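*Asks:* Sequence:
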Amino acid sequence: MAHNDDFQDEIGNNHIATSAKNPVREDAFLLTDDQKIESIKKDVENILQTLGIDLTDDSLSGTPNRVAKMFVKEIFGGLNPNRKPKPSTFDNNYKYGEMLVEKNIVVYSTCEHHLLPIIGRAHVAYISKGTVIGLSKMNRIVEYYSKRPQVQERLTMQIVQELQIALGTDDVACVIDAKHLCVNSRGIKDIESSTVTSEFGGKFKNLETRREFLDYIKLETKF
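Going by the working numbering, 105 is the number at position 105 of the sequence shown; the sequence numbering is gapless.
Bear in mind the hints are in silico, worked out from the structure with no lab data behind them. Certain hints may be false.
[As the list claims (entries may be wrong)] Label pairs and their in silico Cβ distance ranges:
no., residue 1, residue 2, range
1, Asn206, Ile165, 18 to 24 Å
2, Ser185, Glu208, 36 to 42 Å
3, Ile47, Glu74, 15 to 21 Å
4, Asn65, Lys218, 40 to 46 Å
5, Lys73, Thr18, 43 to 49 Å
Computed from a predicted model, the values in this text were never measured in an experiment. Ideal placement from N, C-alpha and C gives every residue a C-beta, glycine not left out.
With the hints as constraints, model all of the structure from the sequences given.
*Replies:* Structural data, given as structure tokens:
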């Protein structure tokens, strides 16, 4: 069913997600990175020329190519499944059975409604059920799912789901506290507000375990 522009603006301005997975077409990876860059470069040129920008200026002549490369290889690079990090899990031979928390993981993502940055911190925890994961891999999982057009709720869920699969346990939690520039720099232009999302699996649904996690990350938020 087609929706009118007012409805689509309503969805975007209120930052409402319509899918638990990133909406990606089946043919998304038929083109190579270089082919995508060349196509996007032309589109960026058209946008800038339409705005009246003089692309013959030395400062701007390379901008379409820079933006295209940035889209494909950096800020939307997490769309490509070939860039998915390998989990690097190990047997928990030392029998550590308490909560492991990796906090203050930097999040740089992009709002799918206005293509403006989401900047914040992710706090991730798990309780081993026989398997542990390399600490840097937790950061890489956050980065991978961040590097795509996103909504924060979906990003939070994807991080937890990926770690649950890698670790073979439901006992995983994630909290993200982030600023959305589509709120801070346009629209309501509220530069102080941030958005907090959470996903709790397994033992983290227990109130005491959840409180322990929140105490570790010192986030004064009630869930």
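*Asks:* Broken hints, numbered, in rising order?
*Replies:* 5
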